[in-house]
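Protein sequence lines, in the order shown, are assigned to chains G and H. Our numbering numbers the first residue of the first sequence as 3 and each following residue consecutively. Our numbering numbers the first residue of the second sequence as 12 and each following residue consecutively.
Worth flagging that the hints you see were computed from the coordinates, not collected in a lab. Virtual Cβ for every residue (Gly too), placed ideally from N, Cα, C. Wrong hints could be hidden among the right ones.
[What the hints assert, rightly or not] Per the computed footprint, the stretches of chain G lying under chain H, defined by three or more beta-carbons under 8 Å from a beta-carbon of chain H, are:
#, stretch
1, 109-121
2, 132-146
[What the hints assert, rightly or not] Not close to chain G: a few residues of chain H, all C-beta gaps over 12 Å, as computed:
#, residue
3, L38
4, S39
5, S40
6, P70
7, F113
8, S126
9, V169
10, L208
11, G224
12, A260
13, A280
14, F292
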Amino acid sequence: MTLPEQQILLDMPESSVTPTIENSGPKSDGQAVVLRGLHKSFGPQTVLNGVNLTVNSGDTLAILGRSGTGKSVLLKLIIGLQQPDSGSILVQGQEITGLDLQAMNEIRKKMGFLFQNAALYDSLTVEQNIAFPLKRHTKMTKSERRDRVKELLASVGMEGDLKKKPSDISGGMQKRVGLARALALKPGVLLLDEPTAGLDPITSGEIDELILKLQEENHMAAIVVTHDLQSAKTIADRLAILHEGNVLIEGGFEDLEKSDNKFVMEFMKRDS
Amino acid sequence: MSHNASIPHRLISQDVPQAPSLMRATLSSLWSPFNGFLEWFGELGIFAWQVMRAAVRRPFEGRELLRQLDEIGSKSLPLVALAGAAIGAVLSLESRSSLVRFGAKSMLPAALVFSIIHETGPIVTGLVVSGRVGAGIGAELGSMKVTEQIDAIEASGVNPYKYLAFTRIVACILMLPLLTLAADLFGIMFGWIADTLIDPISFTKFIHHGFGGTTFSDFLAPTFRTLVFGLIIGMIGCFQGMRTRGGTAGVGLSATSSVVLSSLFVILADVVLVKLILVFFP
Chain G
3 MTLPEQQILL DMPESSVTPT IENSGPKSDG QAVVLRGLHK SFGPQTVLNG
53 VNLTVNSGDT LAILGRSGTG KSVLLKLIIG LQQPDSGSIL VQGQEITGLD
103 LQAMNEIRKK MGFLFQNAAL YDSLTVEQNI AFPLKRHTKM TKSERRDRVK
153 ELLASVGMEG DLKKKPSDIS GGMQKRVGLA RALALKPGVL LLDEPTAGLD
203 PITSGEIDEL ILKLQEENHM AAIVVTHDLQ SAKTIADRLA ILHEGNVLIE
253 GGFEDLEKSD NKFVMEFMKR DS
Chain H
12 MSHNASIPHR LISQDVPQAP SLMRATLSSL WSPFNGFLEW FGELGIFAWQ
62 VMRAAVRRPF EGRELLRQLD EIGSKSLPLV ALAGAAIGAV LSLESRSSLV
112 RFGAKSMLPA ALVFSIIHET GPIVTGLVVS GRVGAGIGAE LGSMKVTEQI
162 DAIEASGVNP YKYLAFTRIV ACILMLPLLT LAADLFGIMF GWIADTLIDP
212 ISFTKFIHHG FGGTTFSDFL APTFRTLVFG LIIGMIGCFQ GMRTRGGTAG
262 VGLSATSSVV LSSLFVILAD VVLVKLILVF FP
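Please model the entire structure based on the sequences and the hints provided.
Written out as structure tokens, the structure is:
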């Protein structure tokens with residue numbers, strides 16, 4: 003995000019602190035994320051050209067597509083790290099484009115984001131990384147925070163690595179910690195940017211199972227950007243292929259397999 | 012034979028119509044860096060504004076500020092003290108021979124103390140901290156930027172301008188005067204050691220002679236100057252780090268440009284502030 007883009011959000015008041023973690027999960031099985039006519043360009047290059055997508059609460063949508071088609075940009079628009087040129091983004095019924103920083107941060111508390119390379123804070127330990135959002139946005143005591151961190155680490159199978167630094171753990175473990183951090187505030191929407199990228203097939207499978215388990219436990223809406231068709235098939239209820247700035251096809255795995263679109267056929271063949 | 016006669020006709024006929032495009036190219040090559048500098052300065056202004064706005068809002072990130080005070084202050088102390096000591100010893104040895112030549116050997120303590128407190132201490136501290144801290148901040152924030160850690164902070168609903176930039180800038184501002192005092196202290200001590208090894212003089216007498224003519228304003232003005240040095244080092248280091256692009260090469264570039272630019276602006280600020288100080292504290 004460029005400095006002028008950051009200015010739009012950071013010009014606004016700082017976020018307030020909520021007393022405890024409210025489960026920001028869906029109150030009803032409604033629409034968790036709705037994108038309407040989303041456009042985004044970087045200079046002369048149009049990345050998104052009127053994207054429309056809907057993700058219901060409890061559903062997992064996998065976004066597929068070639069590199070550079072704006073999949074990660076789409077996630078960054080939803081979390082407010084970038085601003086769309088035009089279009090509408092509704093998160094749990096609330097329009098987020100043009101929100102001030104305070105309101106945006108309130109929305110961000112309802113969303114968890116797993117970055118492509120986990121993006122753990124390398125000066126902090128695993129425990130401090132997961133406690134970071136808890137410390138900022140809740141009034142939990144130190145022992146409550148510690149319990150919550152232990153609970154989250156146990157849920158991703160890493161309860162013994164509290165004091166380790168991110169540089170001391172493997173890529174797969176970093177993804178697990180990143181996932182635990184994304185779930186710290188019990189979000190209603192989980193955004194996952196290539197959760198299995200750079201991992202071996204066995205670890206990828208473990209991460210997929212973990213995402214499925216956590217998604218079912220927390221009944222969140224999840225949007226997963228991935229190149230891994232096998233992973234998408236495992237964890238997603240629906241798949242969407244992004245091509246030339248727009249959604250080329252959207253549906254179940256079988257729908258994509260049956261498609262007679264040349265690009266979709268090529269895409270499915272290459273990944274099968 | 013004229014000079015033109017020796018130039019082939021083909022070249023002359025090509026040169027004449029190219030003159031305007033050559034001028035355009037020259038103007039463009041001159042304008043481009045100037046335009047780049049203006050853009051950089053404008054972005055720095057926006058960045059400074061964001062940091063100032065973030066600074067006045069809660070939470071004030073006290074724990075992170077304390078960590079940065081330790082990182083920037085305590086960990087720079089050995090290097091600053093060593094630089095101060097070396098400068099003090101060299102100044103003492105160099106000044107001694109000059110003063111002896113003019114029969115003013117007794118002026119050595121005063122000359123040493125005056126030059127260290129007024130100029131050598133502040134500028135040496137400024138440049139040493141520019142190197143150590145400027146590079147550190149530029150590389151750390153640059154690395155955080157390219158690995159999306161700054162995005163992750165923002166996605167967590169925390170303002171990175173406050174958490175990362177404000178704390179480091181304030182730590183630089185608060186620590187520079189203290190580090191300068193340390194450089195002054197070690198400079199004067201090692202200046203005395205160098206002097207007393209040649210011509211023994213007690214430390215008390217050295218200090219008494221050295222500080223005989225100094226007033227409060229002799230300390231106030233250089234201290235104010237180092238606050239500005241701290242602001243420059245912190246601001247430029249954070250700015251260069253947070254605008255990093257292009258992976259590891261970009262991180263290296265940010266670290267280098269942080270050191271180069273902060274050192275350059277510390278030297279420029281020194282010149283301007285010395286002039287201002289001489290106006291207000293003649």
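Here is what the structure says about each hint:
Check result for the stretch 109-121 of chain G against chain H: holds, 8 residues qualifying (beta carbon to beta carbon below 8 Å, three or more required). Coverage of the stretch 132-146 of chain G by chain H holds [criterion: at least 3 residues with CB-CB distance below 8 Å; count 4]. With a least CB separation of 24 Å from chain G, L38(H) remains clear of the 12 Å interface cut-off, as annotated. For S39(H), the shortest C-beta to C-beta distance to chain G comes to about 20 Å, beyond the 12 Å cut-off, and the non-interface label holds.
Chain G leaves S40(H) outside its interface by the beta-carbon criterion, the shortest separation being 23 Å against a cut-off of 12 Å. At roughly 8 Å from the closest C-beta of chain G, the C-beta of P70(H) falls inside 12 Å, breaking its exclusion from the interface. Remark: the non-interface label on F113(H) is consistent with the geometry, its nearest Cβ contact in chain G lying 55 Å away (cut-off 12 Å). With a closest Cβ-Cβ approach of about 40 Å to chain G, S126(H) is found to remain outside the 12 Å limit, as its non-interface label requires.
At roughly 5 Å from the closest C-beta of chain G, the C-beta of V169(H) falls inside 12 Å, breaking its exclusion from the interface. The Cβ of L208(H) sits about 45 Å from the closest Cβ of chain G, beyond the 12 Å cut-off, so the non-interface label holds. Against chain G, the non-interface label of G224(H) holds: every CB pair exceeds 12 Å, the least being about 47 Å. The Cβ of A260(H) sits about 17 Å from the closest Cβ of chain G, beyond the 12 Å cut-off, so the non-interface label holds.
For A280(H), the non-interface assignment is confirmed: its Cβ lies about 23 Å from the closest Cβ of chain G, beyond the 12 Å cut-off. With a minimum CB-CB distance of about 38 Å to chain G, F292(H) clears the 12 Å threshold, and the non-interface call stands.
Of the numbered hints given earlier, the model fails hints 6, 9; all others are met.
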